[in-house]
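Following my numbering, the numbering of the sequence shown begins with 1 at its first residue and continues without gaps.
No lab work stands behind these hints: they were computed from the structure. Wrong hints could be hidden among the right ones.
Unchecked claim - Derived DSS-like pairs: lysine-lysine, alpha-carbon spacing no greater than 30 Å straight-line:
| id | residue 1 | residue 2 |
| --- | --- | --- |
| 1 | 78 | 19 |
| 2 | 19 | 100 |
| 3 | 53 | 19 |
Unchecked claim - Each pair of labels, with its calculated beta carbon distance range:
| id | residue 1 | residue 2 | range |
| --- | --- | --- | --- |
| 4 | 7 | 100 | 18 to 24 Å |
| 5 | 83 | 6 | 15 to 21 Å |
| 6 | 7 | 41 | 26 to 32 Å |
| 7 | 10 | 85 | 24 to 30 Å |
| 8 | 3 | 70 | 17 to 23 Å |
| 9 | 88 | 57 | 18 to 24 Å |
| 10 | 88 | 45 | 17 to 23 Å |
Ideal placement from N, C-alpha and C gives every residue a C-beta, glycine not left out.
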Amino acid sequence: MQEIQEEDWLKLNRIGNGKDALLFSSPFCGTCKVAERMLEIVEAAEVPTTLYKININYAPQLRNAWKITSVPCLVLLKNGEPYQFEYAMRSVDYLYKLMKNMD
1 MQEIQEEDWL
11 KLNRIGNGKD
21 ALLFSSPFCG
31 TCKVAERMLE
41 IVEAAEVPTT
51 LYKININYAP
61 QLRNAWKITS
71 VPCLVLLKNG
81 EPYQFEYAMR
91 SVDYLYKLMK
101 NMD
């Protein structure tokens, strides 16, 4: 999982089949640490999705534009456009299926 800054995320150009997942988290959030670990396991299973992590405290534009209400929040995107927001990281299996089936 690659950590990214807001300005770098905004510069990314997603054209074509870009399937991304962006985890909003905070360094002082225990549940976020659990979510990160779960997503690291999913990532190791080689899902066809690029996974990024961003600190919500330093991402005011994205936080406001996408109306992120709490952390952790996993935003699923196709070609740079968010289409699903997951606040409950239910299980590794659930996250794996969610990210594998991003069609």
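Practice task
Could you tell me which of the numbered hints above are not met by this structure, giving the numbers in increasing order?
Solution key: Per hint list: 4, 7 violated.
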